Amino acid sequence: VEADNMLVTLNITGTIPIPVGSKVKLVPPEVFGAVSVEIVRSNNSQMVEWESFLEGVTELGL
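Each number in my numbering comes from the position in the sequence shown (counting from 1) with 715 added on.
The set of hints was computed from the structure by calculation and includes no laboratory data.
Quantities reported herein were computed from a predicted structural model and do not represent experimental measurements.
Beta carbons: idealized from backbone N, C-alpha and C, even for Gly.
Mixed in with the good hints, there may be bad ones.
The following label-pair restraints were derived from C-beta to C-beta distances [unchecked claim]: (1) Ile727 - Asn759: 17 to 27 Å; (2) Glu766 - Val746: 34 to 44 Å; (3) Gly729 - Ala749: 14 to 24 Å; (4) Gly771 - Gly748: 16 to 26 Å.
Using the sequences and the hints, build the whole thing.
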């Protein structure tokens, strides 16, 4: 992982179909909340395989 990058690991215990090409976005907290992770699904009909990596995108302020 490079200096300006981070690696976030999620342990998803259920079966969640995530299309290939989907992105993961860190969402800033609301007033007293914590940073959330949002999966932005692509329109691909093929699903990612178990233990895959998704590209992350950030919003300004994170």
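Hints violated by the structure (listed by number, smallest first): Of the numbered hints, all hold.
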